[in-house]
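2 protein chains.
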Amino acid sequence: MTEQPIIQAARNQPVQTTPIWMMRQAGRFLPEYHETKEKAGGFLGLCKIPEYGVEVALQPIRRFDLDAAILFSDILIPAEAMGLELTFNPGPVFARPVRQEADVDALIVPDPLSAMPFVMEMLTTLRQTLPAEKAIIGFCGAPYTVASYMIEGRSSPNLEHTRTMLYSRPDLLHRLLEKVTATNLHYLQAQVRAGAEIISLFDSSAYSLPPVAYQEFALTYAHQMISALSETGVPIIYFAPGSMALLEQMATLGAQVIGVDWRIGLGKARKRLGAEQAVQGNLDPAALLGTPAAVKEHVRRILDENEGRPGHIFNLGHGVLPSTPPENVETMVAAVRGEI
Amino acid sequence: MTEQPIIQAARNQPVQTTPIWMMRQAGRFLPEYHETKEKAGGFLGLCKIPEYGVEVALQPIRRFDLDAAILFSDILIPAEAMGLELTFNPGPVFARPVRQEADVDALIVPDPLSAMPFVMEMLTTLRQTLPAEKAIIGFCGAPYTVASYMIEGRSSPNLEHTRTMLYSRPDLLHRLLEKVTATNLHYLQAQVRAGAEIISLFDSSAYSLPPVAYQEFALTYAHQMISALSETGVPIIYFAPGSMALLEQMATLGAQVIGVDWRIGLGKARKRLGAEQAVQGNLDPAALLGTPAAVKEHVRRILDENEGRPGHIFNLGHGVLPSTPPENVETMVAAVRGEI
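Chains as they are written, first to last, in our numbering: chain S, 1 to 340; chain U, 1 to 340.
Warning: the hint list may mix true and false statements.
What the hints assert, rightly or not - Covered by chain U, according to a simulated footprint, are these stretches of chain S (three or more residues, beta-carbon under 8 Å): (1) 46 to 53; (2) 73 to 84; (3) 122 to 135; (4) 166 to 177; (5) 239 to 252; (6) 334 to 340.
Unchecked claim - To give a feel for the contact side, a few chain S residues facing chain U, derived at Cβ under 8 Å: (7) P110; (8) G153; (9) S156; (10) E216; (11) D284.
Said to hold, decoys possible - Each computed BS3-like pair below joins lysine-lysine, with the alpha-carbon atoms no more than 30 Å apart: (12) S/K271 with U/K268; (13) S/K268 with U/K37; (14) U/K268 with U/K296; (15) U/K296 with S/K271; (16) S/K268 with U/K271.
Please keep in mind that the hints were generated in silico from the structure rather than gathered at the bench.
We treat Cβ as the ideally placed atom computed from N, Cα and C, and that holds for glycine.
Take the sequences, apply the hints, and build the full model.
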């Protein structure tokens, strides 16, 4: 079988039409998502009941004929499997944040198949359901990002507890990162066995770090995961939104694809990353709140900046915003495919 | 009189000791700040009653002997003077956000001296009180940032209303930006007449913009202000945290100093900005939550990255965090001055 377009683009190979998917494509901007979420009894129900998780993963493919479906889950599901009590209210909340030595010691490195069977079941069902030309994206959080949520206990823009630990107990942060890395590595290996054909590694807390700390606490562990996963042959997309000043460091990761947010021109980002590095991005999600003409104009600009080079997966520069009109997504997809 | 060290550094001239101040130095990390805030009846009291505003502006100078005092105010005070009802709860809240044509039309361009006399009174008193070798920093928000708060009505990480207007009614956003630019320009000219010796222009919402929109909606108006202020001879510090991918564009502004956040190495930032451009920054504010040894190490790294070149004002890469121990600030100042 010929590989799917998104996989070819990830391997920096030429494709007929730029492949496209959207971060948070299975999400709140779609009315059918809210219906299924209600049936599932809330967000965690979508993550844990395969029937519902598969349904919301398929919804954006049905509507927009995107090139890939992404596993429906949350980057903190493996943290729960490590022994933390997790709720969503509506953001994630850990009842007992990880702050002390004893908290780190108490965490386990779980067997993913027994701890999170629903994830692998979803992936297998997705692969059986979707046409062969659509790819299945598995994912997890990069170790620093998952650790930062475990330390903060909830969303926190300043990540003060995490950064306090980094500057006062770096040894403890490293021990936590080692456990998260081991957990997430086993987790991704299980995802690949269950049907994931490309992996997205989200490092959404990296923006909080200066370059030296980014190297020591984020990149090192992401690199370990990427190296260990290379034997699966599955390409990896690494994305650290808000960290575009660090692109040169990201280029050393060995990830097949680097995600580019909307705060930098795609041409400039590719220049800084080097010609061998495939990229993903980078439409401003807010452009989808504008007029259809604006959507088309900004899609064209990104395709122009890419200058027809291989190795480009079209995506937004961040997750699709909940207030996005679905019609604008249709316009974006048609513009990427050169149909309008 | 010889110019103060911070002014010399801003002009890219050699100085004996790197000058230092901290964003939010008059702020919540100091116990005496809370005492004065209570006397003033809250945050807006500090902004509007010169006696209290001057007191909190002086507090960090007394404690740490910093090289400059900054006006105590808020970037939204001129927005209030334009006709919007403003409260703090604890973040800023506008009772009626600016979303429609009529909202923009209703805004006035106020005379700063009659609308905000307390600001100019504070600056004059500060100049009379402080020793001559300490500089007085005036400030305002850059036009896009002030406009984004007026449109959102409150702090909003995604700035969805602003970006919707940008992509659907760019003409209306431009009209709003013109009024904000006129207001803030008059306001800064009045600050300079009242005693401000260096100006800080904060563009904290710029991180939401892709490069093309940054040029059209942020840089254009900041540039207008900087050009018009050049006749005062007062140097200007432009700072857009979270936008370090846009440094090359910032270098075209004509600002004497560009603020550098902690997400990029200072050496790399200077290289991208060019040798003629003075910079301010860029210690990770979280480094001040660590051990004294970590504080010293990270200060040294920044001084090393600057390689002794002129044109460096030491600062944090963002505002000082409320949980910062004042002793760590003492350590930082001593390390910058080579005393430890």
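Okay, the hints, checked on the actual structure:
With 0 residues bearing a CB less than 8 Å from a CB of chain U, the stretch 46 to 53 of chain S misses the requirement of three and the coverage assertion fails. Counting residues of the stretch 73 to 84 of chain S whose beta carbon lies closer than 8 Å to any beta carbon of chain U gives 0, which falls short of the minimum of three for the stated coverage. With 0 residues bearing a CB less than 8 Å from a CB of chain U, the stretch 122 to 135 of chain S misses the requirement of three and the coverage assertion fails. Counting residues of the stretch 166 to 177 of chain S whose C-beta lies closer than 8 Å to any C-beta of chain U gives 3; at least three are required, and the coverage claim holds.
With 5 residues having a Cβ less than 8 Å from any Cβ of chain U, the stretch 239 to 252 of chain S passes the three-residue criterion, so the hint holds. By the rule of at least three residues with a Cβ nearer than 8 Å to a Cβ of chain U, the coverage given for the stretch 334 to 340 of chain S is violated, with 0 such residues. At about 31 Å, the closest approach between the beta carbon of S/P110 and any beta carbon in chain U exceeds 8 Å, and the interface hint on this residue is violated. For S/G153, the interface hint is violated, the least distance from its beta-carbon to any beta-carbon of chain U being 15 Å, above 8 Å.
Because the smallest distance between the Cβ of S/S156 and any Cβ of chain U comes to about 12 Å, over 8 Å, the interface hint for this residue is violated. Interface restraint check: S/E216 against chain U, minimum CB-CB distance 13 Å, threshold 8 Å, status violated. Of the supplied interface hints, the one on S/D284 holds, with its beta-carbon coming within about 5 Å of a beta-carbon of chain U, less than 8 Å. Restraint check: the Cα-Cα separation between S/K271 and U/K268 comes to about 16 Å, which is no more than 30 Å; the hinted pair holds.
For the given pair, S/K268 sits about 47 Å from U/K37 by alpha-carbon distance, which is inconsistent with the 30 Å threshold. Between U/K268 and U/K296 the alpha-carbon distance is near 21 Å, which keeps this suggested pair within the 30 Å criterion. Between U/K296 and S/K271, the direct Cα distance comes to roughly 36 Å. Violation of the 30 Å bound is thereby established for this hinted pair. For the suggested pair S/K268 and U/K271, the alpha carbons sit about 16 Å apart, so the restraint of at most 30 Å is met.
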